[in-house]
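Chains as they are written, first to last, in the numbering used here: chain A, -18 to 237; chain B, 107 to 373.
Note that these hints are calculated values from the structure, not bench results.
Owing to the predicted nature of the structure, the values given are computational and were not obtained by experimental measurement.
Every residue, glycine too, gets a C-beta built ideally from N, C-alpha and C.
Be a bit skeptical, because a hint or two may be false.
To be verified - Computed from the model, here is a short list of chain A residues facing chain B with C-beta under 10 Å:
no., residue
1, Y130
2, R132
3, A133
4, A134
5, T136
6, R140
7, A152
8, L154
9, I158
10, K162
11, S232
12, L235
Stated by the list, open to error - Residues from chain B that keep clear of chain A, each with C-beta distances beyond 12 Å, as calculated:
no., residue
13, D236
14, G239
15, R341
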Amino acid sequence: MKPPRALVPVVIGLLILGGWEWFVRSGRVDDVLVPAPTQIGEWFWSALRDGSLASATWVTMRRLMIGFIIGAAIGIPVGALCARSSLARDTIGILSLGLQTLPSVCWVPVAIIAFGQNEAAVLFVVVMGTVWAVVIAVQESVLSVQPLYLRAAMTMGSRGWHLWTRVIFPAALPGIISGLKQGWAFAWRSLMAAEIFVVILSGFGLGSLLHAGRELLRMDQVVGVMLVVVGVGLLADLIFFSPIERWLRRSRGLER
Amino acid sequence: MPANPSSESHSQLTLSHVTKRFSGRAGLVTAVEDITLQVKEGEFLVLVGPSGCGKSTLLSLLAGLEQVDEGSIKLDGADVVEPGRDRLVMFQQDALFPWLDALENVLFGLRLKPGLTDAERTEAARYYLDLVGLADKEKAHPHELSGGMRQRVALARSLAPNPRVLLMDEPFSALDALTRDQLYGDIQKIFTQRKKTIVLVTHNIREAVCLGDRVVLLSPNPGRIRQVFNIDLPRPRRINDPALATLAADITTALSAHLAEPKEGLV
Ligand SMILES: Nc1ncnc2c1ncn2[C@@H]1O[C@H](COP(=O)(O)OP(=O)(O)OP(=O)(O)O)[C@@H](O)[C@H]1O
Ligand SMILES: [Mg+2]
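The task is simple: from the sequences and hints, build the whole structure.
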């Protein structure tokens, strides 16, 4: 019988953790600088028990979700507009292309000056991280829809809203999904930056927890929060984007 | 030009002096030039001619997907300027939507047809899928079908909404001989029972003679009408009929004579 596929990474992961633990305990490094896995585990457990981890994760996820949804809700129609009108493409389209190359951390100072250290500022940063990537992805994928599909649909009487929702949008969906995924990744990075650098008075997220760890010189907390951040990113991919992409590929015969 | 004006008023699709050019990388290509042709209501017209003589272009123009550069195309006296549900096209490459299964592909056009209940639409879609022998494939997505099956779904999709004018671009080219012979029968049945107007493009002269009331032979560079053959054989016609084979041989001879002509001879 073949061992299950998950076995190999689990075994290798355990070996690395074991080696790390042994290395720290043998006293070759200062455990204030390099905490052992068990120390991180202890922090993790206590942060779970006093509820600080859960509430920080919730605050961060809520900001990310709301900002991402707003960004997508703006980006998708604007991208479609850019695909449809060359005037929009030459103005909004080019602007988006430029702003997309701007690292979204750069929006943090703007947001703080404009909104102050509050929820609106963080949301603004997340939206700015999402929206440009989504605009570009939607514009490009709508423009590369096969003309043959449009011609076929039009001879069957499809026009306007019907054509957009039943033909253009489904045909462009794979590109739109990868644009959303990219927007999500940008938003996630910029949110972390905002939370770490600025004290957002309206709620303490994972970034604040990380920042607090630094102030207290608590390496176990810093590394622990980093692991949670990695975990959230992986989870978003595993339970949201990957299944959609796999389903899209499979239903269109693009699976390799 | 028709001598008697009444034939003019009956003719449903009227092409007069139609010219269409494309600007490609190699300069201006005249795809079709000075095509004057009338397709009567309920007529089965077949276009034949060598590759590149503008057959697909002519269908796109009739469909309203492209605009003429010179001349005019009229349907019942009104200019054809955009696609409409009264003229369905079956494209040379099957244009099935990869995100829909076979049944949903056939339903696409039916859903845009007003005055039907959902049950009637589904019933019609199933009927045409069954007609092309794919009743058991209704849940299959295009990539799960063979090339011939995809073409049959595309055929079902163009027949299902029952349009007045059907424009078909080599609809049977990817099919095996048996399915094809069966579909020759079916399409003739649909044609005579439903009083459709059909313009069909093919490279197969026998197919042209089997299906067409008239066969229009086009010549390339630029695409022009070379000769029109009236086919007066009784329907339903069978592809193996000897009379049909004789006529097909005549047309083949004409076609190869045109192809052999030096280019100046065309002017
Ligand atoms: N969109 C286009 N842009 C440029 N040239 C075109 C375009 N469409 C057709 N042509 C040219 O017009 C001519 C006629 O093309 P068309 O597709 O109508 O030929 P056809 O008779 O259908 O050929 P086949 O039997 O191979 O399908 C060709 O020379 C082709 O290169
Ligand atoms: Mg063609």
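Open item on the list: Of all the hints numbered above, which does this structure not satisfy? Sort the numbers upward.
Closed with: 9, 10
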